[in-house]
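There are 2 protein chains.
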Amino acid sequence: MVDWPDQRFLDLVGCEYPIIQAPMAGASGVDLGVAAMAGGALGSLPCGMLSADQVRTQVSEVRARANGPLNLNFFCHTMPADPDDSAWRALLQPYYDEFGVEADNGGTLRLPFDAEMCAVVEDVRPEVVSFHFGLPASDLLDRVTRTGAIVIGNATTIAEARWLDSRGVGAIVAQGFEAGGHTGHFLGSDPAEAMGLFALLPQISDAVSVPVIAAGGIGDGRAIAAAFTLGASAVQLGTAYLHAPETPISDAHRARLKEARTLFTNLMTGGLARGIPGRLIDELGPVKSEAPTYPLASAALAPIRAAAERHGEFGFGPMWAGQAAALGQRLGAAELTRRLAADALAILSRGA
Amino acid sequence: MVDWPDQRFLDLVGCEYPIIQAPMAGASGVDLGVAAMAGGALGSLPCGMLSADQVRTQVSEVRARANGPLNLNFFCHTMPADPDDSAWRALLQPYYDEFGVEADNGGTLRLPFDAEMCAVVEDVRPEVVSFHFGLPASDLLDRVTRTGAIVIGNATTIAEARWLDSRGVGAIVAQGFEAGGHTGHFLGSDPAEAMGLFALLPQISDAVSVPVIAAGGIGDGRAIAAAFTLGASAVQLGTAYLHAPETPISDAHRARLKEARTLFTNLMTGGLARGIPGRLIDELGPVKSEAPTYPLASAALAPIRAAAERHGEFGFGPMWAGQAAALGQRLGAAELTRRLAADALAILSRGA
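Respectively, the protein sequence lines represent chains A and B. 12 is the number that numbering that gives the first Met the number 0 gives to position 13 of the first sequence; each next residue is one higher, with no gaps. 284 is the number that numbering that gives the first Met the number 0 gives to position 285 of the second sequence; each next residue is one higher, with no gaps.
Keep in mind the hints are simulated off the structure, nothing from the lab. Treat the hints loosely; a few may be bogus.
[As the list claims (entries may be wrong)] If we take Cβ atoms under 10 Å as the criterion, some of the chain A residues that face chain B in the derived model are:
| id | residue |
| --- | --- |
| 1 | 157 |
| 2 | 175 |
| 3 | 200 |
| 4 | 216 |
| 5 | 222 |
| 6 | 225 |
| 7 | 259 |
| 8 | 260 |
| 9 | 312 |
| 10 | 314 |
| 11 | 323 |
We put the beta carbon where it would ideally sit given N, CA and C, even for glycine.
Construct the complete structure from the given sequences, taking the supplied hints into account.
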């Protein structure tokens, strides 16, 4: 058994491989977490679209079906005041008409970590708690830390990584702009300055004291090995797991992963997130100023999306994917995890 | 002496190290090429802003001062018809007023490779000819190939790489969106779909038959090693060489390389290029629809830039830089080349 060149993440978390199955709210759940854990990854449950009771139930299911450390992921955005979204609804009006639905406030909003969720963490005691869009207020963060959970933050810039390091997180995700789903930027950086993983990862690795987890555009064992060469102590893969049958995404979404085309859109939630363009993006363009602030844009879209999906049209909901989507293999998540680790270790151990 | 894990580029070109000193029109020339070649890199002369006579003179100087293979780089854009640039001049009017200059058609335009330049290539016989923004018309390309020069094309997407491969180039640059200077995209891809090197490089490497040269965000030996892990047979570095004293850039530009902030702008030429924001970008925003098509925007800007630089203000000219600019070291280009190669080889040869 060859060692990984940086063992710090493994020593910290205790999973078999330095691979995190990325939490993907709306596109992953118990089955994927259980399968990834069976393969030796750190399994993750995305909790930002769940109620407290749903989190408790899902954690119980995972604990009953899998061994090893578990990561619960939460969002830390500030909820905006309810905006005047009349311009957004007006932009969507042709779709209300087409699908014969009314604007309402349906769908599940992405909500930030709060005292109720913190109490769940204190009860269910996940080994790892990860946060997107910054960190919760310090009283909540202190409570999480006191449970013994390792806290992971997400950085899209070197400044964000330093900010997280100074607040005592246990590890930091370096999220390259290649990543599928929402960019976690939170310190007001200009989206035009988004950084690719190739440049971001070594600079974050140099800047912080804690283990760094590479994320974004990592599609296979080569990329995992390259991430370690650039200073990573672990990797976080989301899109690679979307190919797995345990991932609850539509067949339409899964089929389109083999295309290389992805882009940032704010139409689905109001926040910038990378995905495969579908009908809504094709027709409106990927970024519209009419979309209200994250996460509120999803509400007015929800009835259209639900109706469209009943007709087999998936272009009104997110089809998140990162830029390495086409490199994915259709394997079960456990086998995929083991194969990714073996491929990376073979490259890392062979030398030149 | 340890071998590189992929020797194909070295076998093809015959330089000592699989490192190309990137041609940077306006920011590199004879001195940098000579120094990089002395260190074992493939030296490059950017010819897209030179006259035929200037190319002949510079090649003679390099041949007199350096041994080893030389790359001449040319642009292959289609020159647009002279546009109505009155909106662009109106946007710049406050700067004409401030600096007391008139709009004229000054400055040096970036021009495409043509029959006259092809005759120069046939005369001076560079070992390598590289093209940006596609390839020249097939009659010109055939003439270049018949000189025995190895032709290198530049791809920003997998489709562009396949297109270049099908036209018989000898090697392909995979230019990640991290790269400083102009993105070479030429097949009409949407800039919003620009790919990071981490995802682009392995997918191009899988898609083409010829050696792949990684470019964009490669700042040090770690990154060179990682590029080889992702399928590269060589690397092309521009920004890393901007720190070198042989590079003819302003002190203001060089000093700001240590900042991590770069973004794409079209203000300098009309084409999208990554650089460090200065006064013009800060005041107008980085991308303006008033800027005429590449390369024409530079003409109306030229008198303002010249006057501003006489006052020590460099924010009206390009300060190109890639996203790994802050990783650079202030070393002579020869020593830098040797150190980059040694650092990469040490990583590649140690295994896990």
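Hints and how they fare:
1. Given hint, residue 157/A at the interface with chain B, holds; its Cβ is 6 Å from that chain's nearest Cβ, closer than 10 Å.
2. With a least beta-carbon distance of about 6 Å to chain B, the hint placing residue 175/A at the interface is held under the 10 Å criterion.
3. A hinted interface residue such as residue 200/A counts as satisfied when its beta carbon comes closer than 10 Å to some beta carbon of chain B; here the least separation is about 8 Å, so the hint holds.
4. Of the supplied interface hints, the one on residue 216/A holds, with its beta-carbon coming within about 4 Å of a beta-carbon of chain B, less than 10 Å.
5. Annotation: residue 222/A was flagged as interfacial toward chain B, and the flag holds, the nearest CB pair being 6 Å apart, inside 10 Å.
6. Residue-level restraint check for residue 225/A holds (minimum Cβ-Cβ distance to chain B is 4 Å; threshold 10 Å).
7. With a least beta-carbon distance of about 6 Å to chain B, the hint placing residue 259/A at the interface is held under the 10 Å criterion.
8. Given the 10 Å rule on beta carbons, the hint for residue 260/A holds: about 6 Å separates it from the nearest Cβ of chain B.
9. For residue 312/A, the interface hint is violated, since its Cβ never comes within 10 Å of a Cβ in chain B; the closest pair sits about 22 Å apart.
10. Proximity of residue 314/A to chain B is violated relative to the hint, the smallest CB-CB distance being about 17 Å (cut-off 10 Å).
11. The closest approach between the C-beta of residue 323/A and any C-beta of chain B is roughly 4 Å, which is under the 10 Å cut-off, so the hint is satisfied.
Hints 9, 10 from the earlier list are contradicted by this structure; the remaining hints agree with it.
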